[in-house]
Amino acid sequence: MEQAELFSKVLKIISPFAKNQDALAKVGMDTHILDDLKVNSARLVDVVLAFEDEFGIEIADEDVDDVNTVGDAVRLIGAKLG
Amino acid sequence: MSRRVVVTGLGAIAPNGNGIGEFELALRKGRSGIRAIPKLEELGFGCRVAGVPQGVDELASATFREDELLAMNANHRFAALAAVEAWTDAGLARPAPDGSEPDWASGAVIGTGIGGMDTIGEKVVPLTDAGKVRRLGSTAVEQVMASGPSARVGGILALGNQVTTNSSACSTGAEAVQIGFERIRAGLAERMVCGGSEGASHYIWAGFDAMRVLSRIHPEAPERASRPLSASAAGFVPGSGAGALVLESLESAEARGARVYAELLAAHVNCGGQRGGGSMTAPNPAGVVRCIRGALAMAGLAGRDVDLVNGHLTATGADPREVRAWSEALERGPDAFPWITATKSMIGHALGAAGAIEAVATVLMLARRFVHPCLNAEDLHPEIAPFARAIPLEAREAPELKIAAKAAFGFGDVNSCLLFRRWDA
Chain V
1 MEQAELFSKV LKIISPFAKN QDALAKVGMD THILDDLKVN SARLVDVVLA FEDEFGIEIA
61 DEDVDDVNTV GDAVRLIGAK LG
Chain S
83 MSRRVVVTGL GAIAPNGNGI GEFELALRKG RSGIRAIPKL EELGFGCRVA GVPQGVDELA
143 SATFREDELL AMNANHRFAA LAAVEAWTDA GLARPAPDGS EPDWASGAVI GTGIGGMDTI
203 GEKVVPLTDA GKVRRLGSTA VEQVMASGPS ARVGGILALG NQVTTNSSAC STGAEAVQIG
263 FERIRAGLAE RMVCGGSEGA SHYIWAGFDA MRVLSRIHPE APERASRPLS ASAAGFVPGS
323 GAGALVLESL ESAEARGARV YAELLAAHVN CGGQRGGGSM TAPNPAGVVR CIRGALAMAG
383 LAGRDVDLVN GHLTATGADP REVRAWSEAL ERGPDAFPWI TATKSMIGHA LGAAGAIEAV
443 ATVLMLARRF VHPCLNAEDL HPEIAPFARA IPLEAREAPE LKIAAKAAFG FGDVNSCLLF
503 RRWDA
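Protein sequences, first through last, are from chains V and S.
Just so we're aligned: 56 in the working numbering is position 56 of the first sequence, and the numbers increase by one with no gaps anywhere.
Here the working numbering runs 82 ahead of the position in the second sequence, where the first position is 1.
By construction, these hints were calculated from the structure, which means they are not laboratory data.
For glycine and all other residues, C-beta sits at the position ideal for the given N, C-alpha and C.
There could be a bad hint or two in this list.
Claimed, not checked - Below are the DSSO-like pairs computed for lysine-lysine, each with C-alpha atoms no more than 30 Å apart in a straight line:
no.	chain 1	residue 1	chain 2	residue 2
1	V	K80	S	K205
2	S	K205	V	K9
3	V	K38	S	K484
4	S	K214	V	K80
5	S	K214	V	K9
6	V	K38	S	K214
7	V	K12	S	K111
8	V	K19	S	K205
9	S	K205	V	K12
Unchecked claim - Far from chain S by the CB rule (all over 10 Å, computed), these chain V residues:
no.	residue
10	S8
11	P16
12	F17
13	T31
14	D35
15	A42
16	R75
Isolated chain V, as found in the complex:
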């Protein structure tokens, strides 16, 4: 999957949880999911479940610990997809 397509799919999953619409409007790979998009940290587990369902992958808890930015998520999923 092209990175642009992956980015777009990841963003679609994160968007409903983003409380900062301004940050969402100018989102990029370096945008921080919690600090910039203001996603409630408790909801990260729901975002991860949605990634798993969308891409048919499994994401371990320790992998999640390294996901801070949208780019981190895109790269993690890209690696899982091979």
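Use these hints to put chain S onto chain V, whose structure you have.
Below, chain S without anything else, positioned relative to chain V:
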């Protein structure tokens, strides 16, 4: 400190109408919200009908954010929709999702009887038993915790005062009003959003069906199944939904020029102690009489002052005993009895939401001066038949209404009674 408390906002998500405009119209027209529920037949329930609010998901999608909706089961949707409606109906602005200061003077008591059984039955139990706990995600707890409905409402309205959920079975919705009333009277809050909600789930209704207290008659004509006061009453029809009232100190309401529906003169609760004929599932008649009299005493009223009774009246064998208790408490026989009606005849028994939805109906009848019909009461129970002239089979205009009573009784032998006065009376 004992301050006057008024009702400045109403909200309703009911089986026969969502929003107070639709709900009032349904009450006036005697529109039943009882429908056939194929799932109940499929599962072999004795009862095959229920009262379920229609079109709620569409309403919720138009009212709440996508991330909020992901964590809102039916109970939350009903509660939050009714509370937001009551809040805005009171002329109060819905706060922005973030960045606004909490409203420290406003709180909420949103009760529930059973709670998020749909979430427990459809997600928590099957996923946990299948070893897939992780799949529950982050939203299971808030949907099954007892205080879920009030927590949801508190966040949406940025409430900074007491935010809690009460639970006293079928007395819950009216008891929530009592708790908010006391808090405002005592000067601890200016506004309280009070009410109750109950989800629509066969998991909630199953235990009642097993008790054989649900109506098994007229599955072919659902609107005839809920028959309070009737000789052919055969158990209650399960209902669901939510009702909410914004209670406010008179000072606060006057200071902001709020429209006032009614004054809440009294709100009294007690328990019959499961003695004297009372039990886990039946009220001690002496407790019921004392509860009604307690409310009258608090309001400084006599029984003769009451113009309308919206009873608990579930369409079980308890209806004749309830009418007898009202007669004794008000010291009024059949010839001098006030109007008595049952909202449950149209919407069924909404359990923890019943007292709240029916309190909303009561305030609407009082403020708009009408009495809604008691459906399916054409064949009155023989013990109730002498009261026939007090029971409206059709809607009545009632310009004389000044004082209305709403009572609710629940498992555990708990009772509540609210007394409202029309504001311009």
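Checked hints:
At most 30 Å may separate the alpha-carbon atoms for a hinted pair to count; V/K80 and S/K205 meet this at roughly 28 Å. Of the supplied pair hints, the one linking S/K205 and V/K9 holds, its CA atoms being roughly 26 Å apart against a limit of 30 Å. Between V/K38 and S/K484, the direct Cα distance comes to roughly 51 Å. Violation of the 30 Å bound is thereby established for this hinted pair. Distance restraint check for S/K214 and V/K80: the Cα-Cα separation of roughly 21 Å lies within the 30 Å cut-off, and the hinted pair is therefore satisfied.
Note on S/K214 and V/K9: the hinted pairing holds, with a Cα-Cα distance of about 25 Å set against a maximum of 30 Å. Restraint check for V/K38 and S/K214: satisfied, since their Cα atoms lie roughly 28 Å apart, inside the 30 Å limit. At most 30 Å may separate the alpha-carbon atoms for a hinted pair to count; V/K12 and S/K111 exceed this at roughly 46 Å. Under the criterion of a C-alpha separation no larger than 30 Å, the hint pairing V/K19 with S/K205 is consistent with the structure, at around 27 Å.
Distance check on the hinted pair: S/K205 and V/K12 sit about 25 Å apart at the alpha-carbon level, within 30 Å; holds. Remark: the non-interface label on V/S8 is consistent with the geometry, its nearest Cβ contact in chain S lying 17 Å away (cut-off 10 Å). Look at V/P16: its CB is around 4 Å from the nearest CB on chain S, not clear of 10 Å, so calling it non-interface is violated. Not every Cβ of chain S is farther than 10 Å from the Cβ of V/F17; the closest lies at roughly 5 Å, contradicting the non-interface assignment.
No Cβ of chain S approaches the Cβ of V/T31 within 10 Å, the least distance being about 17 Å, so the stated non-interface status holds. Every CB of chain S lies more than 10 Å from the CB of V/D35, the least distance being 14 Å, so the non-interface label holds. Against the 10 Å criterion, V/A42 falls within the reach of chain S, whose nearest CB is about 5 Å from its own CB. With a least CB separation of 23 Å from chain S, V/R75 remains clear of the 10 Å interface cut-off, as annotated.
Violated hints, in rising order: 3, 7, 11, 12, 15; the structure is consistent with all others.
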